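Protein chains: 2
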Amino acid sequence: MNEQLFFAEYSGSKHIELDEQDSRHCYKVLRKKAGDTIQITDGKGNAIRGVLLETTPRRCVAEVREIVEMPLPAYTLSIGVGMPSHPQRLEWMLEKLTELNVTNIFLLKTERVQPLHYKQERLNKIIISAMKQSLQFYMPALEIEKPLSAFTDFFHTFKEDERQGLSGSCDKAAPALKTVFEKNKKNYFALIGPEGDFTESEERHISSSGFYPISLSNNRLRTETAAISIVNGIHLQQ
Amino acid sequence: MNEQLFFAEYSGSKHIELDEQDSRHCYKVLRKKAGDTIQITDGKGNAIRGVLLETTPRRCVAEVREIVEMPLPAYTLSIGVGMPSHPQRLEWMLEKLTELNVTNIFLLKTERVQPLHYKQERLNKIIISAMKQSLQFYMPALEIEKPLSAFTDFFHTFKEDERQGLSGSCDKAAPALKTVFEKNKKNYFALIGPEGDFTESEERHISSSGFYPISLSNNRLRTETAAISIVNGIHLQQ
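Chains as they are written, first to last, in the numbering used here: chain A, 6 to 243; chain B, 6 to 243.
Be careful, since some hints might not be right.
No distinction is drawn between identical chains; accordingly, a pair holds when it is met within one copy or between any pair of copies.
To be verified - With a straight-line cut-off of 25 Å between C-alpha atoms, the simulated SDA-like cross-links for lysine to any residue are:
#1 Lys177 with Asn51
#2 Lys49 with Gly17
#3 Lys151 with Arg54
#4 Lys183 with Ser222
#5 Lys183 with Asn106
#6 Lys177 with Lys191
#7 Lys49 with Asn224
Treat the hints as calculated values from the structure; they're not laboratory data.
All values reported here derive from a predicted model rather than from experimental measurement.
Can you build the whole structure from these sequences, using the hints too?
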């Protein structure tokens, strides 16, 4: 359980350098020294084994000894979700979606989304941190403040027989996920409305784009809870 | 989506009083006045319709007009989970478990649980707030700092043919939830280890108590994420 994965951008050179935060962790918490082996990912599927050459509290450099390209997941899972109105809920949602292994996250600016103050750099840090924590080698792509159509357009770039789109509905009469779920698709797409949900015209757009409405719970779920629920549900159905 | 549910303890009398926080919300945010109708739950399954007699920023009192006992859920879902080591993660987990409709939450003090500072009153407030938000009438029961055996003993108080116990395992070779899930049980029990997981002797105790180990993800999930995942998964399998 104490396995440790670092993150660093990798240009293909012989040396790889941890950023200041990872360097501090490597040096101060893990007390790694020159000669110790560490495992690094670039978030693009590479598992990089490096041997530390130099460790200081601000800068750790390793020599790259081995690069293994990790297999891609059997399917992609992309989610479009109305931006939560509270920065803390947004951050928490990104952490959990990353832990639960999504491929693409579109934060949607739909008609009922309230303006939200957030720092994009901080959101990226949260995603990287969750990726390392959950020992993953692929970093989810994050798209911020996109219109709903950006997500449905993205959905349509995938082959019709290889994709399934599912949209969380507040209508309790909508079918359950497991009853409409199609196994063995290569690409899954989940849509979750913001606080106050999608508008009727947005619902029509979603439905005509080929997304199935599904019911996730008998209770009223917050946006971030519904997002976690649908992603977790799709993985567990596989 | 703007439906509002208040919480108040109810003694059976003709009048019901909101606490200070709910009174403030009722008066200041919703601008309710004497004569307006509000919906209240006592967390014990009662949906109480009241007509406001008096509203002030600190105290709202309603006359009870109707009490409807809401149907019990078709099954109970109890979770025993190692206490997260971070108060914010603990609070967040309680909010989400409540939103996702659990019946009993045992926060377990297992061998690898770190001491944690928390305020019990605050935890209860979080649960009440999530219950109101998600429009539920039954409040999850919270048991704090219990040994693992308290949860397995509780499991054994239910009839063998009416219960199923499932334990989240870090072993990726463990079967998926859907392959061992038994439909139409009356009582489900989920177990999730703390950071660092259960010890081997704890694992033996869990297994000999009749819990099935299941794998929830290929990734390493944080305690609170695993707890949400297993609860959500059980509901979606039903």
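Hints and how they fare:
1. Lys177 with Asn51: between (43 Å within a copy, 21 Å between copies)
2. Lys49 with Gly17: within (13 Å within a copy, 61 Å between copies)
3. Lys151 with Arg54: Neither. Shortest intra-copy (37 Å) and inter-copy (42 Å) distances fail the 25 Å Cα cut-off.
4. Lys183 with Ser222: So Lys183 and Ser222 pass the 25 Å test inside a copy (13 Å) and across (18 Å) alike.
5. Lys183 with Asn106: Answer is both; intra-copy 20 Å and inter-copy 19 Å each pass.
6. Lys177 with Lys191: For Lys177 and Lys191, the Cα distance is within 25 Å only across copies (22 Å; inside one copy 28 Å).
7. Lys49 with Asn224: Classified as between: cross-chain Cα gap 16 Å, same-chain 38 Å, threshold 25 Å.
Of the numbered hints stated above, the single one contradicted by the structure is hint 3.
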